[in-house]
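Peer 1: What follows is each chain in one-letter form.
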Amino acid sequence: MGAFLYGVSLQWKLDIRSKTLLITCYIVPLLFFVIMGGIFTSVMPEARYTLIQSMTVFGVTMGALIGLPPSLVEIYSSDIKKVYKANGVPLYLGLVLTNISAYIHLFLMSIILYIAAPLVFDAEIPQNPGKYFISLAIFIAVSLSIASIIGLAVKDQAKTSMFSIIVFIPSTMLSGIMFPMELLPKAFQTIGKLFPASWGYQLMTENAFQLENLLLFLLIFVFAIVVCAILLRRIDT
Amino acid sequence: MNEAIKINNLTKSYGNHVVLKGLDFCVQQGEIFALLGINGAGKTTSLECIEGLRKYDSGSITINGIMGIQLQSASLPKYIKALEAVKLFAKWNKTPLDKATLDALGIYELAKKQYYQLSTGQKRRLHLALALTRNPDILFLDEPTAGLDVEGQISLHEQIRQLKAIGKTIILASHDMTEVENLCDRIAILSSGKIAYIGTVKQLGKTIGKHYNITIQTENGTEKYESENIGASLLSLLMQYKEKGEAITDIQIDRGSLEQHFIKIAKGE
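Line by line, the protein sequences give chains A and B. So that you can map any letter, position 95 of the first sequence is 95 in our numbering, and since no number is skipped, the others follow by simple counting. So that you can map any letter, position 211 of the second sequence is 1211 in our numbering, and since no number is skipped, the others follow by simple counting.
No lab work stands behind these hints: they were computed from the structure. One should not assume that every hint holds.
Claimed, not checked - Under the rule of at most 30 Å between Cα atoms (straight-line distance), these lysine-lysine pairs were calculated in the DSS-like manner:
id: 1; chain 1: B; residue 1: Lys1194; chain 2: A; residue 2: Lys13
id: 2; chain 1: B; residue 1: Lys1021; chain 2: B; residue 2: Lys1055
id: 3; chain 1: B; residue 1: Lys1055; chain 2: B; residue 2: Lys1206
id: 4; chain 1: B; residue 1: Lys1087; chain 2: A; residue 2: Lys13
Unchecked claim - A few chain A residues that face chain B, going by a derived Cβ cut-off under 8 Å, partial list only:
id: 5; residue: Gly7
id: 6; residue: Leu10
id: 7; residue: Trp12
id: 8; residue: Ser18
id: 9; residue: Ala47
id: 10; residue: Arg48
id: 11; residue: Ile75
id: 12; residue: Lys82
id: 13; residue: Val83
id: 14; residue: Lys85
id: 15; residue: Glu212
All values reported here derive from a predicted model rather than from experimental measurement. Think of the CB as a built atom: it goes at the ideal place given N, C-alpha and C, for glycine as much as any other residue.
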């Protein structure tokens, strides 16, 4: 357990030293919040009712999809994995540690948004904070699990960025955080529902959990874990 | 002496390309054993099969002891500090930090440097320290001095001798014959996926003793000859030149270096 906790704290430090995660988990989401939060609330004053949720969905999606895969590519598409294996460190450790560290960073960023949005833009705090944070926890886990597939499946940094952006752009544009889903053409509404961001936004804005929504997240999460296990096995052999 | 490693009829192919064609050898406990060969001879493949990093097709490998592995091409996360890496690996293997070894390898001097800031030599030292974190009985070093300057090579050779002195078995992959002559008790030369020579460096040296290169310079140019019997060959050559009426301006005789002999064996000549 001591070794595992040391690994988590070390990965946390490495992520802070790496500018990529700092930028994708904190700087860009918070800048987006400052600029777009101002625009949303002045163009549509009612946006303040869902500002915390929309900014958080953007920040988590960005941090997970753009921030996590490069760390995984660094470990699994280089000689680092051989050094781990040769020295008795299990191959899955890199995946687990980077996920836990990214999870903590994304949760912290979400808390900053939760506190700052009401102060800066008079955003309304979710009616049920307990339910909101459980939804947030689920959404971060699912987003990271999808980002892990990209990081393990793609072999180089340039291709990783391309795949991450391919998933990130429709996730944010069609999830309802920029424009209400109802205003989007039917085809775009359908495409938007293919990405967890739209379901995450729905989960965090609803006042009560819906079994259908939770089951979908569970399904995506289990699917992603199975795919990651297969990819790790392929990397190992 | 007991066997630290025993390899029996090991084979490995990549598609249609057969890299190892039935390797047989053993390494005794406490010796420094070198696996030699020109590039592509199968040194790294052999080592990786023995280390358990690569699957082999057939044969058997018996290892008696804990292994520590320093890979030829190794890397770590860009921003990890040297001492952090050593601590992570030691904690994961549940072994205490061997401060004397870390001090000897100069890891404390590098403690605050991040991996990307280290020189090639410093990275080699760090990877050797990582290989030693499990307190191994058998240490694998794949091209340990590649890319090091002379000072770095001398320092690493000294560390390898010290490890032998405390009873470690060391398996070295190299194509540097000077390094091998200085360090190793026994060598195996790989050629086309098979062991072409196995024995001590001294034994290899003795076979070189019977071999001579003769260079004769005349006004018409330079001719080179090889001989196993220097007396008879030299006499015969002098007679030939006298009969031709060519005046000899210089004669050079040398016994050929260990390196030349190694290349001949490694290339299967």
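Peer 1: Go through the hint on A/Gly7 and say holds or violated, using the shortest Cβ distance to chain B against 8 Å.
Peer 2: For A/Gly7, the interface hint holds, since the closest Cβ of chain B sits about 6 Å away, which is under 8 Å.
Peer 1: Can the hint on A/Glu212 be confirmed by a CB-to-CB distance to chain B that is less than 8 Å?
Peer 2: Check failed: Cβ of A/Glu212 comes no nearer than 41 Å to chain B, outside 8 Å.
Peer 1: Measuring from the C-beta of A/Lys82 to each C-beta in chain B, is the shortest one below 8 Å?
Peer 2: holds, 6 Å
Peer 1: Take the shortest C-beta to C-beta distance between A/Lys85 and chain B; is it under 8 Å?
Peer 2: Constraint on A/Lys85 satisfied, holds at 6 Å.
Peer 1: Has the given pair, B/Lys1021 with B/Lys1055, been kept, meaning a C-alpha gap of at most 30 Å?
Peer 2: holds, 15 Å
Peer 1: Any CB of chain B closer than 8 Å to the CB of A/Leu10?
Peer 2: Holds, because the Cβ-Cβ distance from A/Leu10 to chain B comes to roughly 6 Å (cut-off 8 Å).
Peer 1: Holds or violated: A/Ile75 as interface residue toward chain B, Cβ cutoff 8 Å?
Peer 2: holds, 7 Å
Peer 1: Under 8 Å is the threshold here; is the Cβ of A/Arg48 close enough to any Cβ of chain B for the hint to stand?
Peer 2: violated, 39 Å
Peer 1: Does the CB of A/Trp12 sit less than 8 Å away from some CB of chain B?
Peer 2: Constraint on A/Trp12 not satisfied, violated at 12 Å.
Peer 1: Sort out whether B/Lys1206 lies within 30 Å of B/Lys1055, counting only the CA atoms.
Peer 2: violated, 37 Å
Peer 1: Mind checking the CB of A/Val83 against every CB in chain B and telling me if the closest is under 8 Å?
Peer 2: holds, 5 Å
Peer 1: Minimum Cβ distance from A/Ala47 to chain B below 8 Å?
Peer 2: violated, 38 Å
Violated hints, in rising order: 1, 3, 7, 9, 10 and 15; the structure is consistent with all others.
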